[in-house]
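Asks: With the hints as a guide, bring the two chains together.
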Amino acid sequence: GESVGLHLPTLSVQEGDNSIINCAYSNSASDYFIWYKQESGKGPQFIIDIRSNMDKRQGQRVTVLLNKTVKHLSLQIAATQPGDSAVYFCAENVYGNKLVFGAGTILRVKS
Amino acid sequence: DAGVIQSPRHEVTEMGQEVTLRCKPISGHNSLFWYRQTMMRGLELLIYFNNNVPIDDSGMPEDRFSAKMPNASFSTLKIQPSEPRDSAVYFCASLGAGGTYEQYFGPGTRLTVT
Chain A
1 GESVGLHLPT
11 LSVQEGDNSI
21 INCAYSNSAS
31 DYFIWYKQES
41 GKGPQFIIDI
51 RSNMDKRQGQ
61 RVTVLLNKTV
71 KHLSLQIAAT
81 QPGDSAVYFC
91 AENVYGNKLV
101 FGAGTILRVK
111 S
Chain B
1 DAGVIQSPRH
11 EVTEMGQEVT
21 LRCKPISGHN
31 SLFWYRQTMM
41 RGLELLIYFN
51 NNVPIDDSGM
61 PEDRFSAKMP
71 NASFSTLKIQ
81 PSEPRDSAVY
91 FCASLGAGGT
101 YEQYFGPGTR
111 LTVT
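Heads up: the protein sequence lines correspond to chains A and B, in order.
If you're matching positions, the first sequence starts at 1 in the numbering used here and goes up one per residue.
If you're matching positions, the second sequence starts at 1 in the numbering used here and goes up one per residue.
Excised from the complex, chain B in its bound form (with noise of 0.2 Å):
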């Protein structure tokens, strides 16, 4: 299995501009979770989804954050409008059914907006 793949692997990006990074759950896995890594705060989730449904978003900072699951092995996270704070590390982890929490973390996508 290749594992979760995340893309684009970095990002720069100006402030205003919209982002959208994007991410491939491992096969068969059924739930998805979005975090964002910085120095300041470390390792946060920002959403997660069980069978493509939002389960829990309360960590989604504001309105100028979305994520969709259209289907079981894409997910999107957008940025609109981004700025310079949004900046960090944004990681995609995938969960299968299987009765453990483990979490499969994808490469992330290093995010910088000026």
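One chain only, chain A, in its complex shape (with noise of 0.2 Å):
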């Protein structure tokens, strides 16, 4: 099945402080992976890919985990801001150009 649920955890951090944001994924077939970001009344925005032929991937404070084998995503963020806050969805490519989005998290981040 589809990695889409109702539930929407959050994840409440400290500025300053490291986040990880965790998605499982369903189709052992998926070759790509990509997280986006919502911000409050707001389009997702990209934040970064992967492929599935790799493990992790390291952009601007941020660092995507991958492991095929028990089908999880993560994201890292490094010294959390409050621009950061927003909801945070991951998604795969499942066949074509299609992507399907996991339920999303919530981050919180306190100053």
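Source of the hints: derived by calculation from the structure; they are not laboratory data.
Honestly, I wouldn't trust all of these hints.
Only part of the chain B face toward chain A is listed, based on derived beta-carbon distances under 10 Å [as the list claims (entries may be wrong)]:
#	residue
1	Q6
2	L45
3	I55
4	F65
5	Y101
According to the in silico footprint, chain B covers these stretches of chain A (three or more CB under 8 Å from chain B) [as the list claims (entries may be wrong)]:
#	stretch
6	44-55
7	82-96
Only a predicted model underlies this, so the values are computations on that prediction, with no experimental measurement involved.
A virtual CB, placed ideally from N, CA and C, is assigned to each residue, including glycine.
Replies: Here is the structure:
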């Protein structure tokens, strides 16, 4: 089945701490994964992506880890800032150009 | 680039009325996607087009929903007749042919059907 659910977990972190947001995906054939950030009143915005032939990819302050054995994806944000507060979605490419999105995780940064 | 443009940004209508949402994708992008976002169901793909041709419309809820892409720079999503359960935020996204799957989202249209 697809990794879309009704539950929206919340992660609260102190400003300056590192954040880790997790995502489980369901399709072992998925070959591409994306993390999106959605701020209130806006559309999802691309953060970072990773292909299935990689385990780790780093961007600016963000790192994505992929564990294909357990079908798990994580997003690490270093030195979390108030501007990082948003809903974060993982998405997997199932076939063609189609992305399937997870339910999302709310990140709240406390100053 | 102005990014993906959607109009209107907000729409309030009465049950039974026709609603038309509009999208202008990023210039040069050849794939366009319509999504619906609700608290209950999250972000759902309704339909997507490649080179103006509908490829997958399996997410379209029912015959009341229809989408068109008459040219590479314009698409519409129409609901007729609208119902209160159609209330949601509708996003349009576009994708280039550069070998990634990174979709660029518009700001969305918040639809309220009373």
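Asks: Hints broken by the structure, by number, lowest first?
Replies: Per hint list: single violation, 4.
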